[in-house]
Amino acid sequence: MLTYIIKRFLIAIPILIGIVLLIFVMLQIIPGDPISVMMKEKANPAVIANLTERMGLNDPWYIRFGRYIWDALHGDFGISYKMNNREVTGMIMDAFPNTVKLTVAALIVAWSIGIPVGIISAVKRGSLLDSTLMTFSLMGVSMPAFWVALLFQYIFGYTLRLLPISGFSSFAHLIMPAFVLGWSSSGSIARMTRTNLLEAMSNDYIRTARAKGLRESGVIRLHALKNAMMPVVTMMAMQVAWMLSGAVMTETIFGIPGLGRITVDAIKNRDMPLLQGSTIFAATLIILGNLVADIAYSYLDPRIRVN
Amino acid sequence: MKQRKRSIALLLCVLMMFVFVVGCGDKTKKPSGEAKYLNVPTTYDPSTMDVQKTTSDYDIPMNIFDRLLDCLTVDGKPKLVPALAKSWDISDDGLVYTFHLRDDVKFHNGEMFEADDVKFTIERMMNPENECVNTWFYDMIKGAEDRWNGKADEVVGVKVIDEHTVEITLEYAFGGFLANISSTPCAIYNREATEAAGDQFGVDPKLTIGSGPFIAKEWVLNDKIVLDTNPDYWQAPSTLAGIVYKNIPDEETQRMEFEAGNLDIFFASNAISQVKHFQESDTWKDQIHAVREAGSYFYLPNMSMEPYNDINVRKALASAIDKQQLIDTIYEGFGWVSHGVVVEGILGYNPDLRAMPYDPEAAKQYLAAAGYKPGELKIQFMMDMGTGTEYKMNIAIQAMLKDVGIEMELVQTDDATYYHHRLNGTIPMERNCWWVDYNDPDNVLYTYFSRRAQESNSVGLKDEWVFNMLDDARREVNEEKRLKMYQEIEAHLVENVCFIPVFQPQLTVITQPNITNYKPAWNGWTSTCYYGVGKN
Numbered sequence: 000m001l002t003y004i005i006k007r008f009l010i011a012i013p014i015l016i017g018i019v020l021l022i023f024v025m026l027q028i029i030p031g032d033p034i035s036v037m038m039k040e041k042a043n044p045a046v047i048a049n050l051t052e053r054m055g056l057n058d059p060w061y062i063r064f065g066r067y068i069w070d071a072l073h074g075d076f077g078i079s080y081k082m083n084n085r086e087v088t089g090m091i092m093d094a095f096p097n098t099v100k101l102t103v104a105a106l107i108v109a110w111s112i113g114i115p116v117g118i119i120s121a122v123k124r125g126s127l128l129d130s131t132l133m134t135f136s137l138m139g140v141s142m143p144a145f146w147v148a149l150l151f152q153y154i155f156g157y158t159l160r161l162l163p164i165s166g167f168s169s170f171a172h173l174i175m176p177a178f179v180l181g182w183s184s185s186g187s188i189a190r191m192t193r194t195n196l197l198e199a200m201s202n203d204y205i206r207t208a209r210a211k212g213l214r215e216s217g218v219i220r221l222h223a224l225k226n227a228m229m230p231v232v233t234m235m236a237m238q239v240a241w242m243l244s245g246a247v248m249t250e251t252i253f254g255i256p257g258l259g260r261i262t263v264d265a266i267k268n269r270d271m272p273l274l275q276g277s278t279i280f281a282a283t284l285i286i287l288g289n290l291v292a293d294i295a296y297s298y299l300d301p302r303i304r305v306n
Numbered sequence: 002m003k004q005r006k007r008s009i010a011l012l013l014c015v016l017m018m019f020v021f022v023v024g025c026g027d028k029t030k031k032p033s034g035e036a037k038y039l040n041v042p043t044t045y046d047p048s049t050m051d052v053q054k055t056t057s058d059y060d061i062p063m064n065i066f067d068r069l070l071d072c073l074t075v076d077g078k079p080k081l082v083p084a085l086a087k088s089w090d091i092s093d094d095g096l097v098y099t100f101h102l103r104d105d106v107k108f109h110n111g112e113m114f115e116a117d118d119v120k121f122t123i124e125r126m127m128n129p130e131n132e133c134v135n136t137w138f139y140d141m142i143k144g145a146e147d148r149w150n151g152k153a154d155e156v157v158g159v160k161v162i163d164e165h166t167v168e169i170t171l172e173y174a175f176g177g178f179l180a181n182i183s184s185t186p187c188a189i190y191n192r193e194a195t196e197a198a199g200d201q202f203g204v205d206p207k208l209t210i211g212s213g214p215f216i217a218k219e220w221v222l223n224d225k226i227v228l229d230t231n232p233d234y235w236q237a238p239s240t241l242a243g244i245v246y247k248n249i250p251d252e253e254t255q256r257m258e259f260e261a262g263n264l265d266i267f268f269a270s271n272a273i274s275q276v277k278h279f280q281e282s283d284t285w286k287d288q289i290h291a292v293r294e295a296g297s298y299f300y301l302p303n304m305s306m307e308p309y310n311d312i313n314v315r316k317a318l319a320s321a322i323d324k325q326q327l328i329d330t331i332y333e334g335f336g337w338v339s340h341g342v343v344v345e346g347i348l349g350y351n352p353d354l355r356a357m358p359y360d361p362e363a364a365k366q367y368l369a370a371a372g373y374k375p376g377e378l379k380i381q382f383m384m385d386m387g388t389g390t391e392y393k394m395n396i397a398i399q400a401m402l403k404d405v406g407i408e409m410e411l412v413q414t415d416d417a418t419y420y421h422h423r424l425n426g427t428i429p430m431e432r433n434c435w436w437v438d439y440n441d442p443d444n445v446l447y448t449y450f451s452r453r454a455q456e457s458n459s460v461g462l463k464d465e466w467v468f469n470m471l472d473d474a475r476r477e478v479n480e481e482k483r484l485k486m487y488q489e490i491e492a493h494l495v496e497n498v499c500f501i502p503v504f505q506p507q508l509t510v511i512t513q514p515n516i517t518n519y520k521p522a523w524n525g526w527t528s529t530c531y532y533g534v535g536k537n
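Protein chains in written order, with this note's numbering: chain A, 0 to 306; chain B, 2 to 537.
Keep in mind that the hints were calculated from the coordinates and are not lab data.
Every value quoted in this text rests on a predicted model; they were computed, and no experiment measured them.
Don't take each hint at face value.
Unchecked claim - When the alpha-carbon atoms are kept at most 27 Å apart in a straight line, the in silico DSS-like pairs for lysine-lysine are as follows:
1. K100/A / K218/B
2. K247/B / K267/A
3. K78/B / K286/B
4. K267/A / K393/B
5. K247/B / K100/A
What the hints assert, rightly or not - Here are some, though not all, of the chain B residues that point toward chain A, as calculated from beta-carbon distances under 10 Å:
6. P129
7. D416
8. T418
To be verified - Selected chain A positions facing chain B (Cβ under 7 Å, derived; list incomplete):
9. V46
10. N83
11. G89
12. D93
13. S165
14. N202
15. K267
Think of the CB as a built atom: it goes at the ideal place given N, C-alpha and C, for glycine as much as any other residue.
With the hints as constraints, model all of the structure from the sequences given.
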């Protein structure tokens, strides 16, 4: 098992370097000039020259790339172009805990709704309950997060005054965004759990388990669910990574100071150090998410480890 | 049965937790009677609180710093009033300004304000190593340009006479100088605190020291900025406990927060369609503050580029745009058609000035005079990420131009690309806007149409008469004569369609009924100083 994990981890390293290179090169070739953003129209040519020199923008791209990698390995992603004299690493690290809080809360919502709904629908296949639950999960998947967010804000925040409308300073602030973000994910988890569970239930080993005299709940829990969960686990791991890299719409509408917000601001302002830093951070999380999925897979299915 | 009981118990626990959490409520609210924080919305974080390094993020600096003079609304009109300078003398030739400074002003770090702080502030701005962006507020001071270009080690025009007297000598007599130094970027810094803060001045609230009515306390990126009231303010301390700027990027969320009582101020100009709702509300109909903004929207054709170098093309464009329709449809009627850039409310406003009226038939004739058949002229407008209303306005104009036979393509870029083009003079045509920093026509006319402005704007003007007149008007000491010169310049620019005036908007601000003494800024900016505002 350990060898497998190490192997998977080592494969992740060249992928990450490739991503960093790709992001770096892409940001270099698109038109636009960071100095223009920093100084706007009030620039003095001498100051532009100083600034260009100080930021190392005169060096060829491969020198800058090497320097960037070296600094990044030391945890230094540079200084933001837009946010005067602020370190990118600090900005990301300030935003990340908020995104983690939102992600964890949203996942609790998504999984605690999605998995039971998927199981119930599969067990009660074809019933009215199944159709109702699947309709709700389809709604969860189909309704855009920003719309659900505004609807929730209006109902629970503005009309009923049960929850804060925006902000992120207490646990109560977390509930609404967690439901908005979690609900849309729960829909896809429920549908996937249902499909895979139904498929697993039609296998011979289920008939054997029933023949052994196991109760139906035992059959589902011990035999069917473990096999049915593999693709669901992959999806859930990807959802973790996706949410951690910043749920932009949810963060914007609820005014949450998370990673999604700083990434969008960085794009808008061509704040290259911040954009590179946040993109690389997000890419790392997605690679880690994949890694966790692979490891979970191998735990659930020993054949993967052996092969 | 046992399992079901357990499930019910679990469900009850979750419900109890939910009720507990919700019941906890907001602990930051103070009981009535105590000074309270004013909750103000913002849609984005400022890049810095150091006003020498930003050309737009003035909200915080207005509240934490002081200037030598202030421009306040007195009897509905902007008026220059003493601030850190209690009085001043101007030499007969208009070149030397002697400021007599207050001796009772304390910076937030306890240091007393002295003349040396004024010198330090100006030196800091003009030191090229500091990479400041608001240098043009001081570039008329003797020796300032040389310092900025690295030819001198100090700004020779600023002399400390004694602890409380500072003398500023100008390179040339500049009639708008007092108004100029009353603007936000001319905030006075404390030498000791600013030097000690280094590059964290404006970034770390604890190191960002001013002498203003509020003290920077906390800045949580993309969340909030908290200012506390300065108890030692040289005027009486504010009755507020402080100001909390809440960063809420979504305007609809802002409105709900305002209506729920969590914001004290709502800038309805950002959500103009909501104004009607507030006008009809019993709670807020008497809390609507409206003021003509001292600025306007206008279109700038790049006169160095084809086809905009042809005056007939410019005239065709100006006649094709129905300004009133833009105000009515996009801004819900909250604005006035403008005929120049020095609009009503700005010193030197010319009520007789008339820009080209909306006349689609005339537009077609100008187009024909320029040698274009209908549908033959294809032009580009450029805009940055901008706002939704700016985009709508461009799209509406696209349709208006199509009606007269001009095909307009709207190119939208990110901010970096936009400024790159702007700096290189390659923006073909764009919507622009200017709200004056100080109450003088120089502020807008010089900014766009001076010789120097052509290096960094995409106006592309090559009119020596305008350049010389603008330089001469700056140097004219007689105010009446000076304002007349600006009116002449503006009329010339309008006649030659060097810009297409569109409209002057209205600032609409709604406050909660318990907010007292709120006055919109004289220039209609949403950025304002909240000193004097109260909260019951």
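Status of each hint after checking the structure:
no. : hint            : in the structure
1   : K100/A / K218/B : 25 Å, holds
2   : K247/B / K267/A : 21 Å, holds
3   : K78/B / K286/B  : 24 Å, holds
4   : K267/A / K393/B : 19 Å, holds
5   : K247/B / K100/A : 20 Å, holds
6   : P129            : 5 Å, holds
7   : D416            : 6 Å, holds
8   : T418            : 4 Å, holds
9   : V46             : 5 Å, holds
10  : N83             : 4 Å, holds
11  : G89             : 9 Å, violated
12  : D93             : 6 Å, holds
13  : S165            : 5 Å, holds
14  : N202            : 27 Å, violated
15  : K267            : 5 Å, holds
The earlier numbered hints that this structure contradicts are 11 and 14.
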